[in-house]
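Which chain is which? The protein sequence lines are A and B, in order.
At position 27 of the first sequence (counting the first as 1) the number is 27 in this note's numbering, and the numbers step up by one without a gap.
At position 29 of the second sequence (counting the first as 1) the number is 29 in this note's numbering, and the numbers step up by one without a gap.
Treat the hints with caution; some may be incorrect.
It does not matter which identical chain is used: a pair holds within one copy or between any two.
List of simulated lysine-lysine pairs, DSBU-like, C-alpha gap at most 35 angstroms [what the hints assert, rightly or not]:
(1) Lys-216 - Lys-33
(2) Lys-216 - Lys-28
(3) Lys-239 - Lys-36
(4) Lys-189 - Lys-28
(5) Lys-9 - Lys-33
(6) Lys-28 - Lys-86
(7) Lys-216 - Lys-9
No wet-lab data here; the hints were simulated from the structure.
Since the model is a prediction, treat every value here as computed from it, not as a measurement.
Number of protein chains: 2
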Amino acid sequence: MQTVYKPYKKDFEFSYAFGAFPTIELIKSQPQKVVKVLVSSAYREEGAETLTALCNAEGVELEYNDHIVNRISPKENCFVIGVFNKYVCMLDGAKSHVALANPSNMGNLGTIIRTMLGFGVKDLAIIGGGADILDPKAVRASMGAIFHINFEYFDSIEDYKERFDGRDLYPFMLGGEFALNTLPSREKKPFTLIFGNEATGLDESYRGVGQSVVIKHSNEIDSLNLSIAVGIALYEFTK
Amino acid sequence: MQTVYKPYKKDFEFSYAFGAFPTIELIKSQPQKVVKVLVSSAYREEGAETLTALCNAEGVELEYNDHIVNRISPKENCFVIGVFNKYVCMLDGAKSHVALANPSNMGNLGTIIRTMLGFGVKDLAIIGGGADILDPKAVRASMGAIFHINFEYFDSIEDYKERFDGRDLYPFMLGGEFALNTLPSREKKPFTLIFGNEATGLDESYRGVGQSVVIKHSNEIDSLNLSIAVGIALYEFTK
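I would like the entire structure built from these sequences, with the hints used as guidance.
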């Protein structure tokens, strides 16, 4: 049966990488997940050869189809769409992790993933139901970095802790026990940095989950943007 | 003559704060700049009293007008619009600054401004023509923080240096002389952190402008998101 490609919905078993750059990252990093690459005729002229060669090398079907590209692409000009089957990965227990509880802003999520890759932390735990990490908005904001990291869903922080027993956990929250810049020196062992979502942060139950940390800021703002907070924490923990 | 309010264009002498929260920040921080507040009837029910009281206290005209609100608001639901005259401020030479050369992404700009306020750096130099810091997208992304900082435009970094002679300047660029986390300790004096735009960064001419700095990251990404880089730099310089 022919799949009918429509604008993305969360319950799809596949998702889209919009744009040539994320699509190329997709094919290079997760070739076995690619269903096909859709291209609009407007892309023929510029840079299409690289993409065509890559698809040929990896045995990926490339279809020129203006109608479908227009139907499923976001409103901006988008000439290339990588269609791929959604997947999950197993986190690596020997490595450091970022854990995000109920992330809700897909743009922030993508920026965080790109920043993680920048600081060499490549394992992301998503805590609590609801987030759809392979949403095209997250894929796009990550600029394809999402295809280079491991991510796995956990129902609760308890489930995560059960799987990864004995790690150093650092929940970031207002009123955290330690300011990030005064944190006692750590042993060189894998850590997990835990962050709440954009609107609510982590709830009080996280205060007992490891060593709580706060990034001090003035009282002129309610909180730092989530992706900024994760970026600062990753910088400090990996430097 | 009655002003006709239309969707924002850069050459307007006024701009818009979309949403109740940024509008309230506008009225509290820059009451003399407010032209009027436009409200849609859908807002009557919830929380309109606070806004009405604030407008009365500051002598700001509040107009219920669904037609105009719908015409000029972005596509999301937006019930409150603060119309204000655009302005510039003088930077404070005794304080630390952030300088952005040709910023092009208004969402990033707003996030940076909010982060500056969070780290107590309240003076922003915009280098090079073109940027329109009071664009509604920047106002919105700053969540009103923009009304709490000073900002000033400079044609070139040379013009900026002429005005603020003898400061410590830190251009952030790939291949910067010092890694941020190994920067020699500084005297306690005002600093200026300089960043290029999202696409191109700072050009080579900035290497001689003060002490160039790099935030080290893996070669798996081309560069950190601009707002993340500014956030990390502000954290490190103010901690």
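Against the earlier hints, flag every one the structure doesn't satisfy and list their numbers going up. 3, 7
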